[in-house]
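Chains A and B are the protein sequences, given in the same order. Heads up: the first sequence at position 104 corresponds to 103 in numbering that gives the first Met the number 0, and the numbers run straight through without jumps. Heads up: the second sequence at position 92 corresponds to 91 in numbering that gives the first Met the number 0, and the numbers run straight through without jumps.
Keep in mind that a hint or two might mislead.
List of simulated lysine to aspartate or glutamate pairs, DMTMM-like, C-alpha gap at most 25 Å [as the list claims (entries may be wrong)]:
#, chain 1, residue 1, chain 2, residue 2
1, B, Lys-154, A, Asp-59
2, A, Lys-1, B, Asp-149
3, B, Lys-154, A, Glu-63
4, B, Lys-154, A, Glu-55
5, B, Lys-154, A, Asp-4
6, A, Lys-1, A, Asp-59
7, B, Lys-154, A, Asp-75
8, B, Lys-154, A, Glu-51
Keep in mind the hints are simulated off the structure, nothing from the lab. Since we're looking at a predicted model, the values are computed, not measured.
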Amino acid sequence: MKNWDEWGCPIHRPEVWLRQADGENALYDPTSTSVHLLNDTALAIWNLCDGETRPEEMIDAICELTGAHPEIVSEDVERILMEFHKTHLVHWTAAQRSPADTAEPKVDS
Amino acid sequence: MDRNKPARILLADEHSLFREAVRVVLESQPDLQVVAEARDGAQAVAEAEALAPDLAILDVGLPNCDGLRATYLIRERVPNCRVMLLAPEEDDNLLIDALEAGASGYLTRGSPLGDLIDAARTVCNGETLIPRGMLGALLGRLIRRRRGEDEAVRKMLLLTKREREVLALLARGAGNDTIAQTLVISPQTARTHIQNVLGKLGVHSRLEAAAFVMQNGVLGELAGA
Numbered sequence: 000m001k002n003w004d005e006w007g008c009p010i011h012r013p014e015v016w017l018r019q020a021d022g023e024n025a026l027y028d029p030t031s032t033s034v035h036l037l038n039d040t041a042l043a044i045w046n047l048c049d050g051e052t053r054p055e056e057m058i059d060a061i062c063e064l065t066g067a068h069p070e071i072v073s074e075d076v077e078r079i080l081m082e083f084h085k086t087h088l089v090h091w092t093a094a095q096r097s098p099a100d101t102a103e104p105k106v107d108s
Numbered sequence: 000m001d002r003n004k005p006a007r008i009l010l011a012d013e014h015s016l017f018r019e020a021v022r023v024v025l026e027s028q029p030d031l032q033v034v035a036e037a038r039d040g041a042q043a044v045a046e047a048e049a050l051a052p053d054l055a056i057l058d059v060g061l062p063n064c065d066g067l068r069a070t071y072l073i074r075e076r077v078p079n080c081r082v083m084l085l086a087p088e089e090d091d092n093l094l095i096d097a098l099e100a101g102a103s104g105y106l107t108r109g110s111p112l113g114d115l116i117d118a119a120r121t122v123c124n125g126e127t128l129i130p131r132g133m134l135g136a137l138l139g140r141l142i143r144r145r146r147g148e149d150e151a152v153r154k155m156l157l158l159t160k161r162e163r164e165v166l167a168l169l170a171r172g173a174g175n176d177t178i179a180q181t182l183v184i185s186p187q188t189a190r191t192h193i194q195n196v197l198g199k200l201g202v203h204s205r206l207e208a209a210a211f212v213m214q215n216g217v218l219g220e221l222a223g224a
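The shape of chain B in the complex, shown without the other chains (with noise of 0.2 Å):
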């Protein structure tokens, strides 16, 4: 983004009062520039192809295409044109979503437009906003999810290749007769096999093994299997 022109901002709401009001707040800063609004997730995503903004203040509820699922559709191809999601109340959930679908800040529609006029300029200079008080549940949970990831990564270095071959085809739904034809070895051998995995996984069941694979996103570790 150049500095010495101003952000070119993209604002999509359902409500034509609720974009009037902010247009207005954000023009009377010299250099935020509202150039194109959206009253829906489709036409926003649309109206950032076309314009490539500096920044889209998305509301998480739009029509047509979630907040969410637009913020993560811009994202995808418009990659420099960062996004702040407004949500109705301060939820990490919610926020954590936002991040991953690739939000860079995060305000409730509560906040003072003051607040906005921050947080946009605070995002378009490339950091990340998230609400203050907001941090201390989400570094949390972010340190707990990492400790999971961990942990999966460290079980699915005990299994042997041969093992993720059939932990691989489990999380497809194959059963003991068509992992046995698939990798050409006997019935009882494959039962051994997905013993041996449910231990090592430290599940119970099939069902249990192949939601570890999905949970723990582990599927692309065993697309060489």
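For reference, chain A alone in the conformation it holds in the complex (with noise of 0.2 Å):
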């Protein structure tokens, strides 16, 4: 389970446009001109990636409103958060991270 720590709480990238219509949600990047669609999950946790929750926010609520198994909720929210870190969609409080990097983050000091 990562440690969550290291990086505090994710945050929207301010040009990322989320657009909704017929059901579907997508995230539309214009600095790499990429589109992501979402399933209503991953919109979930990215309506959650407001600078202010942390992940262990996320995944306790996620629990406690599904009854799920922490573990396989925390495997979903890491997962999700992950591939929205390594398409440069949200970028987080607690570290420092160039762009391609989607290791450990440089905690500032």
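Assemble the dimeric complex from its two separately framed chains, guided by the hints.
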């Protein structure tokens, strides 16, 4: 399980747009001109990437709401957040990361 | 629940035509069986107690004990009976109330009948069913509520044992003299404790302090005070 303390809270990159139409959710990144389709769970996580909500809070809330096993929820949340991270849709409040860096964050001293 | 047998379902709705339609649809499935119907909340609770079904599907607007109250009573009296509420529309507040009452599923009345069948199976399998589009708003609310509770606990930890005793009395509407007499301290000391409690809780009046206790559900923590 990831140690989220080193990452802080995820926050949307301000230039990324969310478009919702016909039951589909899409993120458009004008920098890379890429489009990312989100399922409903990913959309819920995206909406919580506000720079104030820690991944642990997301995991706890999903567990409470769905009764799902914390290990499974942790894996799902981590996978979705890492996907956001690798595609540069979010940055993190506790870490300064280069665009190519997808491994461990460098925490501000 | 025995997975080799059909799930036994209680169906409660004020309108007999709706009940009949849903019954026909559910019973077209070999793994679902409607064992009882109810036209109001009180009858639904009584039928649940008598038959202990696997699942109760309740309309939220039931007369004579609404769906939320009936959910709470069924979950309290028949813990193995899971409850799914049918609501007129997607409503975040109603969904939270339903989950807090013990419901395991929430579906709008406008949903396709196929969704109702899937939802019944999902809930009978022990899962919780929440409309997908409501998940995000609900998670946000849940997290904000948790933060509020954490903050309340943090403030409570700032209080000394004596100050907790004072807060417990304040929450019950006690005045300075009553607090002083109850705790066998002088009225001036009681006033000092009250000022300290208000300061630590970050509230400006006794009324706000009492509201803090009620809103954050910390009366239990004060019970031993």
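Consistency of the hints with the structure:
Between B/Lys-154 and A/Asp-59 the CA atoms are separated by roughly 22 Å; this keeps the pair inside 25 Å, and the hint holds. Under the criterion of a C-alpha separation no larger than 25 Å, the hint pairing A/Lys-1 with B/Asp-149 is consistent with the structure, at around 23 Å. Among the hinted pairs, B/Lys-154 with A/Glu-63 is consistent with the structure: their alpha-carbon atoms are about 24 Å apart, no more than 25 Å. For a cut-off of 25 Å, the pair hint linking B/Lys-154 to A/Glu-55 stands: about 22 Å separates their Cα positions.
In summary, the hint linking B/Lys-154 to A/Asp-4 is supported, as the alpha carbons are separated by about 24 Å, within the 25 Å threshold. About 15 Å separates the Cα atoms of A/Lys-1 and A/Asp-59, which keeps this hinted pair within 25 Å; it holds. With a C-alpha separation of about 34 Å, the suggested pairing of B/Lys-154 with A/Asp-75 is violated against the 25 Å cut-off. For the hint pairing B/Lys-154 with A/Glu-51, the CA-to-CA distance comes to about 21 Å; that is within 25 Å, so the pair holds.
Hint compliance for this structure: hint 7 is the single one not met.
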